[in-house]
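Trainee: Residue numbers (the working numbering), protein chains in the order written: chain A, 1 to 120; chain B, 121 to 348.
Treat the hints with caution; some may be incorrect.
To be verified - Here are the simulated distance ranges between beta carbons:
#, chain 1, residue 1, chain 2, residue 2, range
1, B, 340, A, 21, 47 to 55 angstroms
2, B, 144, A, 109, 50 to 58 angstroms
3, A, 58, B, 147, 52 to 60 angstroms
4, B, 252, A, 60, 48 to 56 angstroms
5, B, 343, A, 109, 23 to 31 angstroms
6, A, 60, B, 126, 36 to 44 angstroms
Hints are computed from structural coordinates only; laboratory data are not their basis. No experiment lies behind these values; they were computed from the predicted model shown. C-beta atoms are modelled at their ideal positions from N, C-alpha and C, and glycine is treated no differently.
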Amino acid sequence: MRILGGCAALVGGLELLNVIIASGSVGRGGGSGTGAALAGLVGVVSTLLFASGIALLVRPGGAIGFARGTALAVLVTFALLAAFRPGFSMASMLLGIIFPIVMLGVIARRGARGAAAAAR
Amino acid sequence: MRHAALAASLSVAAALSLGCIDASRINRECRWTDTRSGPLDLDRAADREHLRQDAQVAWEVGQRYGDVRYRTQPRLELPLVGACRSAMFDSIAARHGVTRADVDRATRARLWPVDVAAVFLPMLALAVVAALFAARELERVIVTRWTAALAARGVLVCLIALVMAGLTQIWAMSVESWRLRNEHIAGRAFVVPSVAHPAIALATMLIVVAVTVALRASRRRTLAHSIR
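Input sequences plus hints: build the corresponding full structure.
Mentor: The following block contains the structure:
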């Protein structure tokens with residue numbers, strides 16, 4: 001779980017950095033209000049992902065619910081963004097979709113293993 | 121399964137090689153190159169295809185002309201790109217005896233077989249595989265109450281369709297980028313069919329995923345009945 005936490009913090013930080021740089025670049029060209037709102041939304045979910053990564057690093061067992069919710073929020077946000085406003089960098093969108101899927105998979109697998117251990 | 125993956129990879133590679141831009145005509149100096157002149161008859165498919173290629177080259181040359189100077193400054197780049205493209209479109213119209221409207225239409229024209237073979241079919245196949253995999257995982261944890269099972273399947277279908285629609289856009293733009301031999305496709309992204317019609321792309325994914333999940337559930341029910 002600590003490895004997953006480290007990866008989540010890294011991906012969240014990268015996405016946050018990307019959205020800040022992209023907003024700065026587009027802002028110089030006079031970006032639209034919708035674009036700013038979307039950048040804000042991506043900023044919020046990236047911050048949440050970063051926070052969930054830190055939480056998993058600090059309390060691996062206690063932050064699973066928060067990490068699961070965050071992964072779902074990041075997945076839905078980036079999938080919506082890619083589907084309807086594919087203006088962000090392709091690598092950023094791909095990472096924003098693939099990483100939460102991996103995160104949800106790892107958390108689900110760990111949950112199943114924990115339940116099996118409890119049953120024994 | 122391995123044969124299907126090989127066939128899909130080969131069809132994508134063939135489609136990509138067929139639909140690529142003519143790299144010998146691309147430059148960064150806003151210089152027009154064309155071996156053919158004379159009027160085009162837009163009732164002929166070969167002439168329509170020539171005009172489509174001309175318009176695509178003009179679009180791309182304009183983009184690279186701007187990118188090499190002010191790539192990160194859209195305010196400075198856009199007028200430069202616009203002026204270069206406009207001069208090239210006028211040149212195409214004069215050289216081939218067509219109107220500016222014909223050239224504008226040609227910039228949005230697509231090679232549909234390439235889009236179908238390189239984007240739509242592989243992504244629909246991937247959606248079916250993803251739906252089958254997710255449905256199988258869901259069946260392991262599914263609750264016995266049918267309403268809850270139905271709700272869980274509904275959420276799963278929506279989520280997979282949304283993710284696949286997003287991945288389709290990313291893949292479609294990657295394919296366009298390979299065809300143009302330029303990682304910065306900029307405004308050209310909005311000519312890509314799935315990007316131009318995102319609601320249709322999402323609805324198609326929703327239908328494909330829902331049908332796949334429903335068929336799997338029905339097959340499982342039939343199997344369970346036959347065992348009893």
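Trainee: Now tell me if each hint is right for this structure.
Mentor: To see whether the hints hold, each was checked on the structure:
1. 340(B) / 21(A): 47 to 55 angstroms: holds, 48 angstroms
2. 144(B) / 109(A): 50 to 58 angstroms: holds, 52 angstroms
3. 58(A) / 147(B): 52 to 60 angstroms: Once the Cβ atoms are compared, 55 angstroms apart, the range 52 to 60 angstroms for residue 147(B) and residue 58(A) holds.
4. 252(B) / 60(A): 48 to 56 angstroms: violated, 32 angstroms
5. 343(B) / 109(A): 23 to 31 angstroms: Between residue 343(B) and residue 109(A), where Cβ atoms are some 26 angstroms apart, the hint holds.
6. 60(A) / 126(B): 36 to 44 angstroms: 42 angstroms Cβ-Cβ, so the 36 to 44 angstroms window holds.
Consistency with the previously given hints fails for number 4 only.
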